[in-house]
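**Q** Chains F and U supply the protein sequences, listed in that same order. Quick note: the first sequence, position 239, residue 239 per our numbering, numbers continuous. Quick note: the second sequence, position 356, residue 356 per our numbering, numbers continuous.
Misleading hints may appear alongside valid ones.
Derived DSBU-like pairs (lysine-lysine); straight-line CA-CA distance at most 35 Å [claimed, not checked]:
1) F:K318 - F:K243
2) U:K253 - U:K100
3) F:K243 - F:K229
4) U:K253 - F:K79
5) F:K79 - U:K254
6) U:K254 - U:K206
Source of the hints: derived by calculation from the structure; they are not laboratory data.
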Amino acid sequence: MRPLTATRAPVIHRTKALAGPDAEFDSADTNDADAQPILRLSGARIFKRTARRSDPAPSRLSYRFQRWMLTPGIRLGVKLGLPICAIAAAVGLYFASEDRREAVSAYIADIRTSIQERPEFMVNLMAIDGAGAGLSDDIREVVPLDFPISSWDLDVEQMRDTITGLDPVKSATVRIRPGGILQVDVVERQPVIVWRTRDGIDLLDETGVHVDQTASRKDHADLPLIAGKGADQHVAEALEIFKTSHSLGDRVRGLVRVGERRWDLVLDRGQRIMLPTERPVRALERVLAVNEVQDLLERDVAAVDMRLGQRPTIRMTKAASEDWWNTKVTVGNGQ
Amino acid sequence: MMTDLYQSQRAMRQMRRQAMQRGVVAILDVGSSKISCLVLRFDGSGRLSEDNTIGSMAGQTGFRVIGAATTRSRGVQFGEVTAMQETERAIRTALQAAQKMADIRVDHVIACFSGANPRSYGLDAQVDLEGQLVTEAEVGRVLNACDVPDYGAGREVLHAQPVNFALDNRSGLIDPRGQLGQSLAVDMHMLTVDAVAIQNIVRCIKRCDLELAGIANSAYVSGISALVEDEQELGAACIDMGGGTTSVSIFMKKHMIYADCVRMGGDHVTSDISMGLGVPAAVAERIKTFNGGVHATGVDDRDMIDIGGDTGDWEHDRRTVSRAELIGIMRPRVEEILEEVRVRLDAAGFEHMPSQQIVLTGGGSQIMGLDGLATRILGQRVRLGRPLRVHGLPQSATGPGFSSAVGLSLFAAHPQDEWWDFEIPVDTYAARPFKRAVRWFRDNW
């Protein structure tokens with residue numbers, strides 16, 4: 001039958017069994033240590049007070065504390081807020097000293113440059129494609145780089161904007177080619193018209209953008225000439241008019257923008273064809289049609305005024321007028 | 001005083017609603033031999049499953065037990081607090097362990113206790129309806145019209161449940177709201193207990209930094225969990241044999257109609273053994289649990305039990321007792337308890353009930369052979385009851401000793417309508433003197 005209560009008494013072992021009431025007397029002269037009981041404790045629990053308490057109850061304080069720790073907000077604070085605060089405090093204390101801050105930033109900068117200056121990232125030369133010699137020099141001038149340079153230090157976007165900002169450049173692409181080459185591909189603007197102003201002679205492209213300045217008109221004798229204030233805003237129209245006036249051949253001297261409003265086509269011998277604001281090409285075609293049939297412009301005409309579409313007007317030269325008067329007088333006198 | 005109680009009960013209901021919103025509530029069964037605490041989490045799922053059947057959980061799926069702890073009760077005798085500090089410590093122990101298991105802080109507690117001389121009263125009232133329709137206000141009015149007996153000073157109403165409504169000549173209505181009729185009558189069951197006992201428990205719980213969200217009688221709640229649905233419907237008595245008390249509750253049509261309490265329980269059996277054999281109470285408890293019984297057979301004479309002791313006296317420490325002797329000690333006390341229960345059932349008129357099912361539950365009902373003995377004393381239809389299954393309840397807490405804790409969980413999840421769930425008609429408030437004056441003028445001039 002099993003015992004009903006679990007005993008907590010220490011188990012006593014003896015190295016030497018005592019036998020009978022006389023044993024104690026017999027062994028009195030033997031070594032005392034052999035007779036001493038050796039305590040074998042059944043675990044360290046026997047020393048703990050809680051192990052003996054039959055009614056474990058939390059103290060009021062521990063109960064409150066546990067409830068407090070089970071509150072969601074507090075729990076989050078302890079699990080997350082406290083470590084964050086501790087780390088922040090440690091970092092803050094470390095960086096409180098100026099020397100340490102500088103040491104850390106110097107260390108970071110060191111690592112940074114050592115990575116950036118690896119040969120894989122270095123750019124050694126700039127190759128420019130699609131630009132003439134003069135433009136290449138200009139580009140090298142506006143993008144001053146002293147090679148070799150790390151590709152981390154190159155601002156390709158900004159370089160492209162600078163190059164595109166040059167007048168003769170229509171568009172440009174800038175990229176870093178493998179092998180450490182800064183490749184600049186340029187599409188140049190082609191001058192199509194010459195614009196004479198008081199300040200000098202400019203070359204314009206088909207959209208009216210300034211391409212270059214030139215010293216003399218003779219350098220670009222093959223390009224048509226326009227003049228007048230605001231003429232560069234209407235280059236497309238001017239080109240249309242020049243195309244239409246092709247049949248006049250080399251009689252065309254140029255186009256003059258009058259009052260920033262309309263064109264005058266200037267021919268040799270001081271002849272002018274004054275074109276209207278609206279639909280100048282159509283008006284010019286009418287003049288050319290009359291010229292075809294009647295050789296209008298071969299005659300002694302100072303100007304053909306097409307400004308009013310319903311009423312084209314011809315101004316004759318002074319000599320022609322006098323001549324006409326004479327003829328008129330003769331006719332008037334006689335028949 | 002009525003209004004005062006009404007207000008405090010309403011405040012507890014309000015607290016229960018708050019706990020529901022938070023989703024966590026603790027259940028505390030303050031018994032004489034053990035204090036058990038369950039932590040419930042309400043997940044808001046419905047009473048019925050998807051296919052609209054009751055299902056294996058008997059429809060109790062609205063909550064889940066996420067923490068459970070039991071501790072030996074201290075300072076509670078006959079289901080009443082006798083040593084406040086000790087009880088508080090025991091509550092703290094159970095609650096801390098349950099909280100730790102649930103890993104969540106609990107602020108609201110629903111408690112039950114068994115003692116404090118519960119006394120049942122049957123009340124009834126009848127009023128003529130103001131309109132044709134029975135509204136909530138009309139129900140409140142008829143409940144308020146009940147003639148409350150003089151239940152004595154120093155006592156408090158613990159439960160006041162409308163059991164039956166009758167509209168004109170139709171009786172047996174569960175819920176008359178929305179129906180049409182001329183006069184509404186109600187039968188109400190009122191349970192009063194000693195006010196001091198309630199105050200002590202409330203104070204213990206307050207001292208543990210908890211809010212009381214409801215309080216119930218353990219006879220009622222163990223009936224809820226130990227009786228199955230048809231027993232509750234057809235009529236049955238639940239006998240909860242606890243440590244210090246044996247509670248009796250009678251159910252009919254799913255309402256408790258009577259509750260009482262015998263101030264004897266398993267602890268008395270233990271103390272009888274302790275005195276009869278001359279052993280400490282802990283040893284006596286152990287002997288009772290492992291070897292106890294109420295029916296002696298021939299083999300029990302030869303079954304010797306080592307009752308031990310640690311006086312150091314060899315003869316004394318090796319005493320034995322035969323199991324027959326032990327049964328001889330236990331049986332008279334158990335018989336006495338059951339006789340006392342019989343008296344209470346007779347006083348309640350249990351023999352006139354249509355169905356006389358008796359369900360024994362509580363820790364004391366685990367005595368071997370008790371059902372046979374109970375059959376002789378109480379009647380033929382006796383069974384041993386275990387609490388209903390609820391979600392997440394640990395296996396160790398599914399025994400009959402936990403039927404009141406489980407019943408209290410069910411009570412927390414789906415409380416029955418009580419008197420204070422309905423609004424008192426405005427004119428009974430003393431706090432509206434002006435309205436009363438106007439009313440008096442209108443009535444008299």
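**Q** Evaluate each hint against the coordinates.
**A** How the hints compare with the structure:
1. F:K318 - F:K243: 31 Å, holds
2. U:K253 - U:K100: 39 Å, violated
3. F:K243 - F:K229: 22 Å, holds
4. U:K253 - F:K79: 53 Å, violated
5. F:K79 - U:K254: The given pair, whose Cα atoms are some 49 Å apart, is violated under the 35 Å limit.
6. U:K254 - U:K206: 32 Å, holds
The structure fails to meet hints 2, 4 and 5 from the earlier list, while all remaining hints are met.
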